[in-house]
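Work the whole structure out from these sequences, hints included.
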Amino acid sequence: MLTISNLSFRYKKRNRYILKDLSMELEQGKIGIILGKNGAGKTTLIKNILGIEKPESGRILFDDMDFVKLPRRDKAKLVAYVPQTIDFGCLSVLETVMTGRIPYFGYRTSDQDMSIAMDIIKKLGILEYVYRNADELSGGERQKVAIARALAQSPKLMIFDEPTASLDIGNEQIIVKEMIRLSKNMNVSILTSIHDINQALALGDVFFLMKEGNIKYTVTKDAITEEMLRDIYDADIRILNIKSANESGTKKIVLGGYL
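Everything in the sequence shown is counted per my numbering, starting at 16 for the first residue and increasing by one.
The set of hints was computed from the structure by calculation and includes no laboratory data. Any given hint could be a false lead.
Pairwise CB distance ranges, derived in the manner of DEER restraints [to be verified]: (1) N30 <-> R74: 18 to 24 Å; (2) L270 <-> N30: 32 to 38 Å; (3) E242 <-> G104: 42 to 48 Å; (4) N53 <-> E143: 36 to 42 Å; (5) G185 <-> D102: 21 to 27 Å; (6) R88 <-> N30: 30 to 36 Å; (7) Y26 <-> L255: 37 to 43 Å; (8) L255 <-> M133: 43 to 49 Å; (9) F120 <-> E242: 47 to 53 Å; (10) I268 <-> S20: 33 to 39 Å; (11) I117 <-> T235: 35 to 41 Å.
SDA-like mimics (lysine to any residue), calculated; alpha carbons at most 25 Å apart, straight line [unchecked claim]: (12) K52 <-> T100; (13) K138 <-> D150; (14) K171 <-> V221; (15) K45 <-> Q214; (16) K52 <-> Y32; (17) K35 <-> G66; (18) K137 <-> D183; (19) K90 <-> S72; (20) K62 <-> R87; (21) K35 <-> Y96; (22) K92 <-> K171; (23) K90 <-> D128; (24) K62 <-> L182; (25) K52 <-> Y96.
Because the structure is a prediction, the values reported are computed rather than measured. We put the CB at the ideal spot given by N, CA and C, even for glycine.
So, in structure tokens, the structure goes:
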């Protein structure tokens, strides 16, 4: 379980705090969604969890291990990151996925590393691209390769930054389904920031609603209200409950007030 307690961060001592006394918990195997308008501190929070930035105060724990003090190699065995902008360089799909095994091998890869990488490639349905340059693939396939590389680390926590921001609706659905599969079938915790609230509602188990550098609300999908969303986005937002054609019950649809 990811546990963050009283986290505060600012880029310089005299600057304002970007994160202030922030606390949150994400259970193992759950999908956590960070929601908030631009400038709320979402990306800065992710950078602190990954160790790209170091908090001024507070604790970041995973299964009671201190993430801030944990050596980089050990941290890479627990948490993997799938960025919004992906650049694979001149590597093939196989070579790219194998880089996810770096925390585990020394000077050379083993048969086990290769077996793990190939198994992930097959499960994600990208075997036909295995020897192609990863940078030459479509947006959706590139995102799959990035997920495969992250999975090769055998992480307990995967962090995504706007994973579907540059994808068409078909590839969006593929990635959302893949994230749900990772959570439910492989017991991987997922933490992601998403701008599209309706997509977030289709994906998330728990929602962290950020405003001015703090988590103002921690709620499940059913507990999200119009008042909460209006508060964190400073916008007129409406929630409609509609009957799903393929499922029993209803689901939430979020509309901007101008519609």
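Do the hints match the structure? See the list:
no. : hint                      : result
1   : N30 <-> R74: 18 to 24 Å   : holds, 22 Å
2   : L270 <-> N30: 32 to 38 Å  : holds, 37 Å
3   : E242 <-> G104: 42 to 48 Å : holds, 47 Å
4   : N53 <-> E143: 36 to 42 Å  : holds, 38 Å
5   : G185 <-> D102: 21 to 27 Å : holds, 23 Å
6   : R88 <-> N30: 30 to 36 Å   : holds, 31 Å
7   : Y26 <-> L255: 37 to 43 Å  : holds, 40 Å
8   : L255 <-> M133: 43 to 49 Å : holds, 45 Å
9   : F120 <-> E242: 47 to 53 Å : holds, 51 Å
10  : I268 <-> S20: 33 to 39 Å  : holds, 35 Å
11  : I117 <-> T235: 35 to 41 Å : holds, 37 Å
12  : K52 <-> T100              : holds, 20 Å
13  : K138 <-> D150             : holds, 20 Å
14  : K171 <-> V221             : holds, 17 Å
15  : K45 <-> Q214              : holds, 16 Å
16  : K52 <-> Y32               : holds, 17 Å
17  : K35 <-> G66               : holds, 17 Å
18  : K137 <-> D183             : holds, 23 Å
19  : K90 <-> S72               : holds, 19 Å
20  : K62 <-> R87               : holds, 14 Å
21  : K35 <-> Y96               : holds, 24 Å
22  : K92 <-> K171              : holds, 8 Å
23  : K90 <-> D128              : holds, 18 Å
24  : K62 <-> L182              : holds, 23 Å
25  : K52 <-> Y96               : holds, 22 Å
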